[in-house]
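Trainee: Let's have the full structure, built from the sequences with the hints guiding it.
Everything in the sequence shown is counted per the working numbering, starting at 521 for the first residue and increasing by one.
Quick caveat, the hints were computed from the structure, so don't treat them as lab data.
Here the structure is a predicted model, which means the values were calculated and not measured.
It is possible that part of the hints are untrue.
[Said to hold, decoys possible] FRET-style restraints, in silico, Cβ to Cβ: (1) V540 x E668: 31 to 39 Å; (2) T602 x Q690: 28 to 36 Å; (3) L627 x S532: 43 to 51 Å; (4) A651 x E566: 20 to 28 Å; (5) E668 x A695: 29 to 37 Å; (6) T544 x L568: 35 to 43 Å; (7) S617 x S637: 29 to 37 Å.
[Stated by the list, open to error] Restricting the straight-line Cα-Cα distance to at most 25 Å, the calculated cross-link-like pairs of lysine to any residue (SDA-like) are: (8) K581 x Q549; (9) K581 x R659; (10) K581 x Y655; (11) K581 x R697; (12) K545 x G592; (13) K545 x V555; (14) K581 x Y594; (15) K545 x N674; (16) K581 x G556; (17) K545 x F525; (18) K581 x W632; (19) K545 x R579; (20) K545 x V521; (21) K581 x L558; (22) K581 x F679; (23) K545 x K581; (24) K545 x G605; (25) K545 x G563; (26) K581 x D654; (27) K545 x A578; (28) K581 x V669; (29) K545 x V580; (30) K581 x V680; (31) K545 x Y594.
For every residue, glycine included, the Cβ atom is placed at its ideal position computed from N, Cα and C.
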Amino acid sequence: VQPFFSRRIGLSADATPQRVDYGTKFNGQIGSQDVGFLHVRTGDEEDLGLPGEEFTVARVKRRMLAQSYVGGMYTRRDTRGTARGASHTIGADFALSTATFRGSQNLTSNGWFIHDSGPGVIGGGASAYGASIDYPNDRWSGSVNFREVQADFNPLVGFVARRNYRRYGQFLSFAPRPRNTR
Numbered sequence: 521v522q523p524f525f526s527r528r529i530g531l532s533a534d535a536t537p538q539r540v541d542y543g544t545k546f547n548g549q550i551g552s553q554d555v556g557f558l559h560v561r562t563g564d565e566e567d568l569g570l571p572g573e574e575f576t577v578a579r580v581k582r583r584m585l586a587q588s589y590v591g592g593m594y595t596r597r598d599t600r601g602t603a604r605g606a607s608h609t610i611g612a613d614f615a616l617s618t619a620t621f622r623g624s625q626n627l628t629s630n631g632w633f634i635h636d637s638g639p640g641v642i643g644g645g646a647s648a649y650g651a652s653i654d655y656p657n658d659r660w661s662g663s664v665n666f667r668e669v670q671a672d673f674n675p676l677v678g679f680v681a682r683r684n685y686r687r688y689g690q691f692l693s694f695a696p697r698p699r700n701t702r
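Mentor: Here's what the structure looks like:
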């Protein structure tokens, strides 16, 4: 699941390339925030019968503690000259990580939620979300994760390979190192 995939900009719904009239982009840091903004307008392709579109993407990510963050994202795709309306996608994510769990162990927890409010979507079923806890260490390593992508989820400025599924995963491994080896 990718709520934003830059190669979707400048392509119609059936992947026909469109002329880009203009675009603007900026990204950087403001204090502890990483910020990014993109806006692109594509031209009308009258000979192909394709109206122009407006694409907007905004991302804010606040760094906190030594290795953690919380963030949000917004995308919009609007086809000009149609009654279809704009498609909006909004999402939030976080990662809480430490390299000092139980002294010197690594531990990471992360989660994300994305909701699409595209044209024709009525009611629920247009979200995707997931979470995981990872313990990636030398002798013991493990992970527990969950992901769901609902049937009507369709981020029109993003990419999703498969819809309407729920996945659970977990693993645990023990990998000792022999003593006195190079």
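Trainee: Check the hint pairing K581 with Q549 against an upper bound of 25 Å on the C-alpha distance.
Mentor: Roughly 9 Å between the alpha carbons, so the hint for K581 and Q549 holds.
Trainee: Would the pair K545 and A578 pass a check requiring their Cα atoms to be no farther apart than 25 Å?
Mentor: Roughly 10 Å between the alpha carbons, so the hint for K545 and A578 holds.
Trainee: Given the range 31 to 39 Å, decide if the beta-carbon distance of V540 to E668 lies inside it.
Mentor: holds (35 Å)
Trainee: Mind checking the alpha carbons of K581 and F679 for me, to see if they're no more than 25 Å apart?
Mentor: holds (21 Å)
Trainee: Starting from the range 20 to 28 Å, see whether the pair A651 and E566 falls in it by beta-carbon distance.
Mentor: About 47 Å separates the Cβ atoms of A651 and E566, which means 20 to 28 Å is violated.
Trainee: For the pair supplied as a hint, K545 and V521, is the alpha-carbon distance within the 25 Å limit?
Mentor: Holds, at roughly 23 Å.
Trainee: Measure nothing beyond the straight line between the CA atoms of K581 and V669; if it is 25 Å or shorter, mark the hint as holding.
Mentor: Distance ~23 Å between K581 and V669 Cα, so the pair holds.
Trainee: Below or equal to 25 Å on CA atoms is what counts here, so check K545 against G605.
Mentor: It holds: about 24 Å lies between the C-alpha atoms, which stays within 25 Å.
Trainee: K545 and V580 were given as a pair; does the straight-line alpha-carbon distance stay at or below 25 Å?
Mentor: With a Cα-Cα distance of about 14 Å, the restraint between K545 and V580 holds, given a limit of 25 Å.
Trainee: For the pair supplied as a hint, K545 and F525, is the alpha-carbon distance within the 25 Å limit?
Mentor: Holds - the C-alpha atoms of F525 and K545 are around 15 Å apart, at most 25 Å.
Trainee: Can the restraint linking K545 and Y594 be considered satisfied, given a maximum Cα separation of 25 Å?
Mentor: holds (15 Å)
Trainee: Under the criterion that the straight-line Cα-Cα distance not exceed 25 Å, is the pair K581, R659 satisfied?
Mentor: violated (33 Å)
In this structure, the hints that do not hold are numbers 2, 4, 6, 9, 11, in rising order.
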